[in-house]
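Participant: In case you want the letters, here they are:
2 protein chains.
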Amino acid sequence: MNIGVIGLGLIGGSFALAAKKHITNVVLFGGDKKVNNIKEAIEKGIIDYELKSKDYTKMDILILAIPVDAATDIVLNLLDKINDNALLFDVGSTKYSICKMVELHPKRNQFLGTHPIAGTEFSGPLAAFSDLYFNKTQILCETEKTRPDLLEWAIQFFRSINMNIQEMDPKEHDQHIAYVSHISHISSFMLGKTVMEKEDDEKAIFDMAGSGFASTVRLAKSSPEMWTPIFKQNNENILEVLNEYIANLEQFKSLLENKDWSEMHKQIKDINSIKKILKGIPESKT
Amino acid sequence: MNIGVIGLGLIGGSFALAAKKHITNVVLFGGDKKVNNIKEAIEKGIIDYELKSKDYTKMDILILAIPVDAATDIVLNLLDKINDNALLFDVGSTKYSICKMVELHPKRNQFLGTHPIAGTEFSGPLAAFSDLYFNKTQILCETEKTRPDLLEWAIQFFRSINMNIQEMDPKEHDQHIAYVSHISHISSFMLGKTVMEKEDDEKAIFDMAGSGFASTVRLAKSSPEMWTPIFKQNNENILEVLNEYIANLEQFKSLLENKDWSEMHKQIKDINSIKKILKGIPESKT
Chain X
-11 MNIGVIGLGL IGGSFALAAK KHITNVVLFG GDKKVNNIKE AIEKGIIDYE LKSKDYTKMD
49 ILILAIPVDA ATDIVLNLLD KINDNALLFD VGSTKYSICK MVELHPKRNQ FLGTHPIAGT
109 EFSGPLAAFS DLYFNKTQIL CETEKTRPDL LEWAIQFFRS INMNIQEMDP KEHDQHIAYV
169 SHISHISSFM LGKTVMEKED DEKAIFDMAG SGFASTVRLA KSSPEMWTPI FKQNNENILE
229 VLNEYIANLE QFKSLLENKD WSEMHKQIKD INSIKKILKG IPESKT
Chain S
-11 MNIGVIGLGL IGGSFALAAK KHITNVVLFG GDKKVNNIKE AIEKGIIDYE LKSKDYTKMD
49 ILILAIPVDA ATDIVLNLLD KINDNALLFD VGSTKYSICK MVELHPKRNQ FLGTHPIAGT
109 EFSGPLAAFS DLYFNKTQIL CETEKTRPDL LEWAIQFFRS INMNIQEMDP KEHDQHIAYV
169 SHISHISSFM LGKTVMEKED DEKAIFDMAG SGFASTVRLA KSSPEMWTPI FKQNNENILE
229 VLNEYIANLE QFKSLLENKD WSEMHKQIKD INSIKKILKG IPESKT
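Taken in order, these protein sequences are the chains called X and S.
At position 157 of the first sequence the residue is numbered 145 (our numbering), and the sequence of numbers has no breaks.
At position 275 of the second sequence the residue is numbered 263 (our numbering), and the sequence of numbers has no breaks.
The shape of chain X in the complex, shown without the other chains (with noise of 0.2 angstroms):
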């Protein structure tokens, strides 16, 4: 069968290489708007072929991993070009506008929009590994819309390469990922930022960095090309959560300002029970 991966960054380039793994005879095509990066997956053996427009026919299977604004953008070409009984699904981490772009394709049954919860904060092909996907979830939308054979086809694979696979609202996805992902990214920028700008005039200051600042700061090193868009497309449901965000660092704030230690005492304790929501979430291979 042949595989088509329009996008060879990470998320794309993994899947490229998670199929070559758990598929016989697979012939895989990549393209990327980065010719350098088809270049890279060629080498690497991610893919076996560039894949041109001209060959979406040809495509048993197309996988969509580009930035959310620029999946939505092609979307609709892309179903108008596929063969009738191709797959179409995508893997952006917003949800609720490639649903919606999709909603009225003749062509939607043979559409999937999915969220692999997975990623590192490395980017481009040589970030890729056949083993991202390995025991996190995938997160798969609106599948009553998608035609019955297409979607087994699809559940098998992502079993295959051992994701958990969950259904969710496409709206109720956004809501979600936002506490869970998109904030985190938030905080993790600004962090950065904040620490940054002080080092303009405190070189030392990262000789004194340990462990903690990295992890935390980690994220910072995410990509604007995929985070500006998701930012965009789940604007409304980011802006309540770092509303709230804000909200939490002013009262600790006035914790710190009234010096209200026993206040501040117990709700770290509180905090800390998120240890045993912790436990649950698989090790980042990086």
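Where hints are given, some of them may not hold.
No copy labels: a pair is met if it fits in one copy or bridges any two.
[Stated by the list, open to error] Listed below are the simulated DSBU-like cross-link pairs for lysine-lysine, each with C-alpha atoms no more than 30 angstroms apart in a straight line: (1) K42 to K69; (2) K8 to K22; (3) K263 to K124; (4) K220 to K257; (5) K32 to K263; (6) K88 to K247; (7) K220 to K124; (8) K247 to K32; (9) K257 to K32.
These aren't lab readings, by the way, just hints derived from the structure by calculation.
Given the structure is predicted, the values throughout are model-derived calculations rather than measurements.
Could you slot chain S onto chain X? The hints should help.
Facilitator: Relative to chain X, chain S alone:
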């Protein structure tokens, strides 16, 4: 030689284990206000004997590894009790208060203020390990006030366990550490709080949490016993950084509200240069 460790948590326990590994003919004594910690530390081979206050005078080295408020509470009393050739060093995350506290003590020159930039989010003797300090920074304050022979012993010891020594003024230390450690903890605590408040109605949310979330929220597992006193002693510096952090978040919020994606893209790109800084930070073992 006899080394006494007051406070058998992650930090004190790991110094005891490192001393056992790197110093020949050492006998380790340990005290802790939690009787169970003493029991566990003996069982795990971290210490040889319980350290009772009558033993203080027998110690060649005394390591003060308890929360920073408790440390300033007892440091003068400890200096009163140690013998005339003993060294007492503390390992707290704030340095101004304790250096100020010992300033006029007749045995000031037997004290050394230190801050090992090492740790994990876990606490207690069972979290301790002998290599916690390997390739980590050890900050020494006001070394000119410590008796040269005792300072020399301390430097040799820290070097023998592969720490990188850096000298710093206590006031500067507290300002800088607010940026690279204390604010990371606040950011993480409040992120945990924000998400857990939401979780009350939405249990499903955590199935969606990936490694990005786990990494930014890791420090939210840190103990209130250790951190409330740090926030208390470094109150002013932390308030300054927290104000800057909140201002940056507010400014990012404006970008979201005004849909200024090009400025957002630019800012994130600038922040990405933190990669270079993070490269130099040793990985956490956990």
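Participant: Evaluate each hint against the coordinates.
Facilitator: Checked hints:
no., hint, verdict
1, K42 to K69, "within (9 angstroms within a copy, 85 angstroms between copies)"
2, K8 to K22, "within (22 angstroms within a copy, 55 angstroms between copies)"
3, K263 to K124, "both (19 angstroms within a copy, 26 angstroms between copies)"
4, K220 to K257, "between (35 angstroms within a copy, 16 angstroms between copies)"
5, K32 to K263, "between (39 angstroms within a copy, 24 angstroms between copies)"
6, K88 to K247, "between (49 angstroms within a copy, 21 angstroms between copies)"
7, K220 to K124, "within (25 angstroms within a copy, 40 angstroms between copies)"
8, K247 to K32, "neither (57 angstroms within a copy, 38 angstroms between copies)"
9, K257 to K32, "between (48 angstroms within a copy, 27 angstroms between copies)"
In this structure, the one hint that does not hold is number 8.
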